[in-house]
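**Student:** Chains as they are written, first to last, in my numbering: chain U, 21 to 322; chain G, 21 to 322.
It is worth saying that the hints were derived from the structure and are not from the lab.
Accuracy of the hints is not assured; some may be wrong.
No copy is singled out in the list; a pair is fine if it fits within one copy or between any two copies.
[Unchecked claim] No farther apart than 25 Å at their CA atoms in a straight line, the calculated lysine-lysine pairs in the BS3-like style are these:
hint : residue 1 : residue 2
1    : Lys294    : Lys223
2    : Lys67     : Lys294
3    : Lys265    : Lys122
4    : Lys65     : Lys317
5    : Lys69     : Lys294
6    : Lys258    : Lys72
7    : Lys111    : Lys122
8    : Lys277    : Lys122
9    : Lys242    : Lys172
10   : Lys294    : Lys65
11   : Lys72     : Lys198
12   : Lys194    : Lys22
13   : Lys177    : Lys103
14   : Lys223    : Lys182
15   : Lys258    : Lys198
16   : Lys69     : Lys177
2 protein chains.
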Amino acid sequence: MKLTILGCYAATPRSLTNPTSQVLTINNHMFLIDCGEGTQVQLRKNKVKFAKIEHIFISHLHGDHFYGLIGLISTFMLLGREKPLHVYGPKGIKEVILLQLKLSNAWTSYPLYFHELESEQSEVIFEDDSVTVETIPLIHRVYTNGFLFKEKPKDRKLVIEKAHEYQIDVTLFKSLKKGKDVVAETGEIIPNKWVTEEPEASKSYAFCSDTLYNEAIVPQIKNVTVLYHESTFLEQQKSLTDHTKHSTAKQAATIAKQANAEQLVLGHYSTRYKDISVFKEEALEVFPNVSLAEDGKSFDFD
Amino acid sequence: MKLTILGCYAATPRSLTNPTSQVLTINNHMFLIDCGEGTQVQLRKNKVKFAKIEHIFISHLHGDHFYGLIGLISTFMLLGREKPLHVYGPKGIKEVILLQLKLSNAWTSYPLYFHELESEQSEVIFEDDSVTVETIPLIHRVYTNGFLFKEKPKDRKLVIEKAHEYQIDVTLFKSLKKGKDVVAETGEIIPNKWVTEEPEASKSYAFCSDTLYNEAIVPQIKNVTVLYHESTFLEQQKSLTDHTKHSTAKQAATIAKQANAEQLVLGHYSTRYKDISVFKEEALEVFPNVSLAEDGKSFDFD
Numbered sequence: 021m022k023l024t025i026l027g028c029y030a031a032t033p034r035s036l037t038n039p040t041s042q043v044l045t046i047n048n049h050m051f052l053i054d055c056g057e058g059t060q061v062q063l064r065k066n067k068v069k070f071a072k073i074e075h076i077f078i079s080h081l082h083g084d085h086f087y088g089l090i091g092l093i094s095t096f097m098l099l100g101r102e103k104p105l106h107v108y109g110p111k112g113i114k115e116v117i118l119l120q121l122k123l124s125n126a127w128t129s130y131p132l133y134f135h136e137l138e139s140e141q142s143e144v145i146f147e148d149d150s151v152t153v154e155t156i157p158l159i160h161r162v163y164t165n166g167f168l169f170k171e172k173p174k175d176r177k178l179v180i181e182k183a184h185e186y187q188i189d190v191t192l193f194k195s196l197k198k199g200k201d202v203v204a205e206t207g208e209i210i211p212n213k214w215v216t217e218e219p220e221a222s223k224s225y226a227f228c229s230d231t232l233y234n235e236a237i238v239p240q241i242k243n244v245t246v247l248y249h250e251s252t253f254l255e256q257q258k259s260l261t262d263h264t265k266h267s268t269a270k271q272a273a274t275i276a277k278q279a280n281a282e283q284l285v286l287g288h289y290s291t292r293y294k295d296i297s298v299f300k301e302e303a304l305e306v307f308p309n310v311s312l313a314e315d316g317k318s319f320d321f322d
Numbered sequence: 021m022k023l024t025i026l027g028c029y030a031a032t033p034r035s036l037t038n039p040t041s042q043v044l045t046i047n048n049h050m051f052l053i054d055c056g057e058g059t060q061v062q063l064r065k066n067k068v069k070f071a072k073i074e075h076i077f078i079s080h081l082h083g084d085h086f087y088g089l090i091g092l093i094s095t096f097m098l099l100g101r102e103k104p105l106h107v108y109g110p111k112g113i114k115e116v117i118l119l120q121l122k123l124s125n126a127w128t129s130y131p132l133y134f135h136e137l138e139s140e141q142s143e144v145i146f147e148d149d150s151v152t153v154e155t156i157p158l159i160h161r162v163y164t165n166g167f168l169f170k171e172k173p174k175d176r177k178l179v180i181e182k183a184h185e186y187q188i189d190v191t192l193f194k195s196l197k198k199g200k201d202v203v204a205e206t207g208e209i210i211p212n213k214w215v216t217e218e219p220e221a222s223k224s225y226a227f228c229s230d231t232l233y234n235e236a237i238v239p240q241i242k243n244v245t246v247l248y249h250e251s252t253f254l255e256q257q258k259s260l261t262d263h264t265k266h267s268t269a270k271q272a273a274t275i276a277k278q279a280n281a282e283q284l285v286l287g288h289y290s291t292r293y294k295d296i297s298v299f300k301e302e303a304l305e306v307f308p309n310v311s312l313a314e315d316g317k318s319f320d321f322d
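Isolated chain U, as found in the complex:
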């Protein structure tokens, strides 16, 4: 599981800071999460093979989270894309994208599917053999979802030497990996645990931005591998969170602690702070494993 931060600053794009967008690579999927203005340039700068993106998740319809989407969709068109593209985001996203394509007298060369969200409850919005994606209802000034990406339980690890030792036919290996007991060539029943080991732990990633401090999300993200939680402000500016519906670094760390996350990644910093290390310092007072998102930084969680 790998995370590349394309942008992690609040509000307007600037010369050196980019609005929210990130690429999550998980079980061979490349998911794009949010798409602020300039995301396609950030994808190029960070040498992301972005033709691989098939699913884009938009948390909410504030500009710093989606004004780059129409440009990316258009660029896919200019590059002759044929693969389908799925966009998941709040109701309204389809209308605004299609209106812009219509005004350009353009249509996509590839199937473009919109999955509009309006539920206030968590729902599974993507699922295949290896990954599920659920919405995490957040509290912000407009309808907003976080996203929880979960690897499905992985196959048990087959110990080949043991399988041979017990004379198990190769056609049964798949059953073994799925945790089944099998019958050996000798007729003997071989308990699964004799020839397999525990699978690699499944990883999960929770993206929570933008949101007011909201403990209601804790049960859903319990034991998450990595929690990305917005920290627009420091505690010193906590009075601003009520009105803006944002969080402080300490609040992000509190959610990470309550959720028993393995790791917290902070982001969505207000550009009022010249040095982002202060966010990490504040969060470390509450939670031990804190990293700072930075534009262009990649995290390898394997």
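For this one, chain U is given, so just place chain G on it according to the hints.
**Tutor:** This is chain G only, laid out in the frame that chain U set:
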């Protein structure tokens, strides 16, 4: 008259090339022309005091000419702008901008006026004491206008010593600058030319992008000071112009020659060409005074 090129490449924004946008400073006005994705960042990078922009002219609704507009409008809002902003562009531009503001649950802190264009004939769309702006109907795949910016005739230059010599009262100086004859303290009629000199020549700037080669624009831009004309292709790729409705460098130069322009600035280069100097070489075969637009380059036409 000063021109700052924020972006001058066709199609998609890339790491090092930006889509169309430029700032024209003329008679104390700062006009923004087109606004591709990333324009607000380019304004910052080029240290343009962009709060001064009050009028934005959008040639057409292809993404590389206007996808940065909503972001700029939003940023003006975040910066607490109060001054009115006027946007001139094809019909539809108001709907798409307002839809995006509505989805963000946002409204501007300043008056935002849209002047939607749909005439196939040239029309004056802005006029004040010192400048006029006219549309230049262009031929492209969607409804497109170029823009002709013209300084109004300037005041004649008063030769103060002469005015004193002829005993002309100071209250008549304004009349002299406007070309009037006046009556001196002595009662003598003083012909204007005795005490004034020719005014500084009025400058003009024609922005013509995107367009198929179109001689019909020549009469309107006759004797223009500076012609910016798109040159997406070279003659070698001329076969592409019919379908894409773009021009070659040679065609741009031909329009400059026919219009008797003082200077031609080329831009809107297809990124298929690694070295843009080839555009200048081709244009120079037809017209002598050719410059290349480059992202971040400023031209001073005084």
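**Student:** In ascending order, which of the hints set out earlier in this document are inconsistent with the structure?
**Tutor:** The structure breaks hints 1, 6, 8, 11, 12, 13, 14, 15, 16; every other hint is satisfied.
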